[in-house]
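Undergrad: Chain by chain, the residues run as shown.
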Amino acid sequence: MTVIETKGITKVYNPKKVPVHALRGVDLTIRKGEFTAIVGPSGSGKTTLLNIIGGLDQASSGVVIVDGVDITRISDNKLIDFRKEKIGFVFQAYNLIPVLTAAENVEFIMLLQGISKDKRQKRVVELLKSVGIEDQADKRPSKLSGGQQQRVAVARALASKPSFVLADEPTANLDSKSTAQLLDIMAKLNQEEGMTFIFSTHDQRVIDRARRVVTLEDGMIISDVTR
Amino acid sequence: MQMMILLAWRNIWRNKRRTAITISSIFFAVLFSIFMLALQNGSWGRMIDNALSSYFGYGQIHKKGYYDDPGINTLMEYTSDWKGKSKNIEHLKDFVPRLESFAMASYGNQTKGVMINGIDPKKENALTKLSGKITEGKYLELNDTAVMIAEGLASQLKIGVGDTIVFISQGYHGVNSAGKYTVKGLLHFGPPDLNKMMVYMPLPEAQQFFGCENLISTLIIDIDDRSNLPGIIKKLKSQVEPDLHEVIEWEQLVPNLLAAKQAKLNGVYIFMLILYTIISFGIFGTILMMIKERSYEFGILIGIGMKRKLLSMVVMLEIILLGMAGVFAGVIAAIPLVNYFRVNPIDMSHMEKGLDNMFDQYGFEPVLPTAFDISTFVSQAIIVFVICLLLATFAVWKIYHVKPVESMKN
Ligand SMILES: Nc1ncnc2c1ncn2[C@@H]1O[C@H](COP(=O)(O)OP(=O)(O)OP(=O)(O)O)[C@@H](O)[C@H]1O
Ligand SMILES: [Mg+2]
Chain A
1 MTVIETKGIT KVYNPKKVPV HALRGVDLTI RKGEFTAIVG PSGSGKTTLL NIIGGLDQAS
61 SGVVIVDGVD ITRISDNKLI DFRKEKIGFV FQAYNLIPVL TAAENVEFIM LLQGISKDKR
121 QKRVVELLKS VGIEDQADKR PSKLSGGQQQ RVAVARALAS KPSFVLADEP TANLDSKSTA
181 QLLDIMAKLN QEEGMTFIFS THDQRVIDRA RRVVTLEDGM IISDVTR
Chain Y
1 MQMMILLAWR NIWRNKRRTA ITISSIFFAV LFSIFMLALQ NGSWGRMIDN ALSSYFGYGQ
61 IHKKGYYDDP GINTLMEYTS DWKGKSKNIE HLKDFVPRLE SFAMASYGNQ TKGVMINGID
121 PKKENALTKL SGKITEGKYL ELNDTAVMIA EGLASQLKIG VGDTIVFISQ GYHGVNSAGK
181 YTVKGLLHFG PPDLNKMMVY MPLPEAQQFF GCENLISTLI IDIDDRSNLP GIIKKLKSQV
241 EPDLHEVIEW EQLVPNLLAA KQAKLNGVYI FMLILYTIIS FGIFGTILMM IKERSYEFGI
301 LIGIGMKRKL LSMVVMLEII LLGMAGVFAG VIAAIPLVNY FRVNPIDMSH MEKGLDNMFD
361 QYGFEPVLPT AFDISTFVSQ AIIVFVICLL LATFAVWKIY HVKPVESMKN
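Read top to bottom, the protein sequences are chains A and Y.
Take the working numbering: the final residue in the first sequence is number 227, and no numbers are missing along the way.
Take the working numbering: the final residue in the second sequence is number 410, and no numbers are missing along the way.
Keep in mind that a hint or two might mislead.
Restricting the straight-line Cα-Cα distance to at most 25 Å, the calculated cross-link-like pairs of lysine-lysine (DSS-like) are [unchecked claim]:
| hint | chain 1 | residue 1 | chain 2 | residue 2 |
| --- | --- | --- | --- | --- |
| 1 | A | K78 | Y | K309 |
| 2 | A | K129 | A | K78 |
| 3 | A | K16 | Y | K309 |
| 4 | Y | K235 | Y | K112 |
Far from chain A by the CB rule (all over 12 Å, computed), these chain Y residues [to be verified]:
| hint | residue |
| --- | --- |
| 5 | D49 |
| 6 | V254 |
| 7 | Q262 |
| 8 | G303 |
| 9 | I387 |
FRET-style restraints, in silico, Cβ to Cβ [stated by the list, open to error]:
| hint | chain 1 | residue 1 | chain 2 | residue 2 | range |
| --- | --- | --- | --- | --- | --- |
| 10 | A | S145 | Y | L310 | 22 to 32 Å |
| 11 | Y | M289 | A | S116 | 34 to 44 Å |
| 12 | A | E126 | Y | W397 | 38 to 48 Å |
| 13 | Y | A333 | A | H202 | 51 to 61 Å |
Honestly, the hints are just simulated from the structure, not real lab data.
Predicted, not measured: the structure shown is a model, and the values here were computed from it.
We put the beta carbon where it would ideally sit given N, CA and C, even for glycine.
Only chain Y is shown next, with the shape it has when bound in the complex (with noise of 0.2 Å):
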């Protein structure tokens, strides 16, 4: 035993260049595949955590049978109680109350379709910043008699801040709703379809409008970070009453954003999969190498008596100790760059204009941050590793196949 880690270790520094080769291109494939996996996993997280913080939120609470069939007649109350049970949940910010139905809007001869959003300003704000979106005019204050509405409905309708919108409507239980609201502010919206419908009220001007006071069709959840999204569902799960509340959470909520997802980490495995067979490539070049060097000198010791099996472990524990030391130092120098990028994202605005546009339309920043997680680093330590020893057995292979006679000619 001693014997063969003595061979081992000498081995390994027997050729330096090729030890550093092998070094370095183990080091590379594991810093690598880390570092694109956490871009990957970083990029997706903010862009699922911008979607969802703009408008839907991680999870909503409804009246049963809202998801499958909402509507104007299928609202919840909105007693105080809620307040308490936002309390009791651990990492659960808030409930934000939302009142959501169509409407027709009209400003002179125009007329269109729109979503009123009966809203808590506040709280609206504290989740979505709301505020922030606003161009021109001012934002709700709870008990206003007006709204906020979108741009390019404000563009459709020729209104401005300060002009009167009328909106008509349906309301709870089949009543006529018919309203008239000052205009206080002007929204902009990166999605175009939202841009052009988007109605903002605050919510006892909504409920008076509808006509359901105490009533509201959603409750948002707030929490303080994704992560922690399935223990308040299971907690709110358990605490509302199953005959009367659902609680829905985002993946149901927005399933394109989830399709998109798997077809984009689809993509990236395809990816990952193509560095890795370059990874590949790399390692098994300089086993080769290291297998040419030594062929003769295999002869020779299969020759003189040593057993295949010893000198397989031999050159074995060669390629485990330089995988051991390349995947270390590939975890730890991928440590500060997976940080340096989660903390600086690579930032895209400054990228051609389309590219710019196309985060604005979809709501997204226009940047690219890095996930640090601990798993990533593992798994790409580990997958790199195999691969090591997978192609370690090709060494292994060659030396039980090995004919001294023939190894010694050279």
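Isolated chain A, as found in the complex (with noise of 0.2 Å):
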């Protein structure tokens, strides 16, 4: 099945001043339970992709399906909903809201949909334990370390059960240890549960854990193999 569809999508920032084509004309199809890394050098184009596929960003031409829907068409408001209830996020760091301790930061998102209260405690258990940080449940993002945070931000991105994981460089500011966990994770329920990811990365060891690796270089797609 699919769930993500891009056709022809091209990304020129600054197009009156000093334009800069981040995207060049790309064409992508991610299948359901995919574990797809998007590589290439900096400046290649990969955060952008991610930004246009998640509704963060609009594409400057082309069309982005997401389970069915062209959502290069829909306006500021709905594209919020649908990203609550599509699309999981990790970013790169910081991607908590400090305030609220981690079962709070997974429960947030919950809350925005509307899920009863039981249910959302629930599910807060279950996740907070498949990315290993049960006992770390009351703390404050602040007390957690740079891999813990990116756990709970993984469990938060399940949280709303959404159609795929979009995960813009997730093991950047981590050591080699957590991000081997961190991978562990993410392939566990890629596995497990069937998850979609789509992670951007530089890093080789992350790449050599991806089954399906689209190379971006100027913009374009370069390579795309699946192992």
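Two chains, two frames, a set of hints: combine them into the complex.
TA: Here is the structure:
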């Protein structure tokens, strides 16, 4: 089943002044259950692509179809709802709301979705357990290590039961041990729950864990390998 | 909803320094604006009281037409009826009669124009504390055949206590009036023009002098407190015969005073406007600080799917809570402050000599008390709170313009 389909997306920053062609026609199809890495040198357009797929940024041209909906044509307000329901986000760092505890951060998105208290709390426990930080549930982010924060972020991303999880360099600020732990968790969730993961990275050890590797260069896909 | 309150509450405690700065800037804003307004209202109230109680009173009753054209031929009867009337009206202490007209005074070879006030010495003293103005000699009795004159007049005529002064005037319906009186006392008036022309004579003697038995020109109302004036005036107007009498309030009697008050108040409003502007900048600064500190977080929240409206409500709630805390604390602190300076007015008499003289000239006590009016507290609390809300809309505007990708870049 296709989750994401992009057709000929381009992105031009500063079209009026000094135009930067960040994407030059990207066609990409992601199916349910993939564990895909977007790789490429710095400035190749990885972040731009993920932001457009996630509905955080607008393509200059082209079509982005997520779960059958063309998200390039919906209003800001609807797009916010769309992100809330369909997409789990893990950003590079500082993902969490500082005034909420780990558990509350995970619960928050379900609150936004209007899920009942019982269900929320059950799921928070489950998720924190599956990312291995159930004993840190009542700590605020500032009391957690970078690796622990990213694991909470993964738990939060999954809490809303999204169609897929987008992670832009989720391990960029982590040491190798935390990187390995985070990838283990992501891989486990991918295998056990069938959750689709799309992540960008520079890190060869992370690339090695991906099952599909899409390589960007200069805003274009230059290779797409599934192992 | 619960989550909104929780988020707002936690955010307030998140940066205690910023919260403290915000609350204290609102606190001082409320405290200061209440105090300034209370001081203005209080000093004006005091000045008006001083000015009116030294001569005009808060209102007067005349024969109809006297206000437009005062003169010795427009007099009203002073009957015992008035005593009954004054007892019927609450907060009205008394009616104080006066027969006011002009005359020429001479002593030796000096002659001066003067204003003769025929008075009931006891009632007059209760109203204006006239006996306190005596600098030499004694205060009048009702059956005296003597006068008290202003110091300035005495020195111009070169006359002293115990000397005999002569008055000539035109009396009621054109009769010629003349009389000789012993000077029983000298009075000091602050305003120079009064000090050069005031003469006080017992009422029966004045009526005889002007040839108008039982008639007076003015009946001054003596009341317990200025705040009761409107009610008293209303009752009086309904009780006097409109064809015979007119009831005139102080605003009409002393239009200059009212104009001066208005001019002063305009100044106060400008001052308050400047104060509010400074306050606004202070509060705005803390809101800017907050937006800047949290813009990354706003990006995350909107990014993961929090509606801008909901986020705005959380931030608005935070500012409302801070605003309420600051306003409440400000009002609480202002109560004892305003009350203290109401009881212990700021004393200006230690100030420069010139200032002291100025107060004396206008017949004012050199003190600035505050006025304790609930309306001052309420109005300032509301104004500052509304300023907070208006400034908070800037935060909302900002939230509606957050672009998640850009906010999360740093
Ligand atoms: N807001 C922007 N305004 C202008 N140019 C931008 C903006 N964002 C990105 N770019 C440019 O677009 C190109 C692609 O940037 P992008 O961030 O997508 O690359 P990336 O592959 O994620 O790089 P990195 O590995 O460094 O994160 C770069 O040349 C970058 O300088
Ligand atoms: Mg990037």
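Undergrad: With reference to the structure, classify each hint as holding or not holding.
TA: Evaluation of the provided hints:
A hinted pair counts as satisfied when its Cα atoms are at most 25 Å apart, and A:K78 with Y:K309 qualifies at roughly 13 Å. Under the criterion of a C-alpha separation no larger than 25 Å, the hint pairing A:K129 with A:K78 is inconsistent with the structure, at around 32 Å. For the suggested pair A:K16 and Y:K309, the alpha carbons sit about 32 Å apart, so the restraint of at most 25 Å is broken. At roughly 41 Å between alpha-carbon atoms, Y:K235 and Y:K112 are farther apart than 25 Å, so this suggested pair is violated.
At roughly 55 Å from the closest C-beta of chain A, the C-beta of Y:D49 stays outside 12 Å, upholding its exclusion from the interface. With a cut of 12 Å on Cβ distances, Y:V254 stays outside the contact zone with chain A, its closest approach being about 62 Å. For Y:Q262, the condition that its CB be more than 12 Å from all CB atoms of chain A holds, with the nearest at approximately 52 Å. Not every C-beta of chain A lies more than 12 Å from that of Y:G303, the closest at about 6 Å, which undercuts listing it as non-interface.
At roughly 26 Å, the least C-beta separation between Y:I387 and chain A is larger than 12 Å, which holds for a residue marked as non-interface. Our hint of 22 to 32 Å for A:S145 and Y:L310 holds, since their Cβ atoms are close to 30 Å apart. Between Y:M289 and A:S116 the CB atoms are about 38 Å apart, so this pair conforms to the stated range of 34 to 44 Å. A hinted range of 38 to 48 Å for the beta carbons of A:E126 and Y:W397 is consistent with their spacing of about 40 Å.
At roughly 58 Å, the beta carbons of Y:A333 and A:H202 sit within the given window of 51 to 61 Å.
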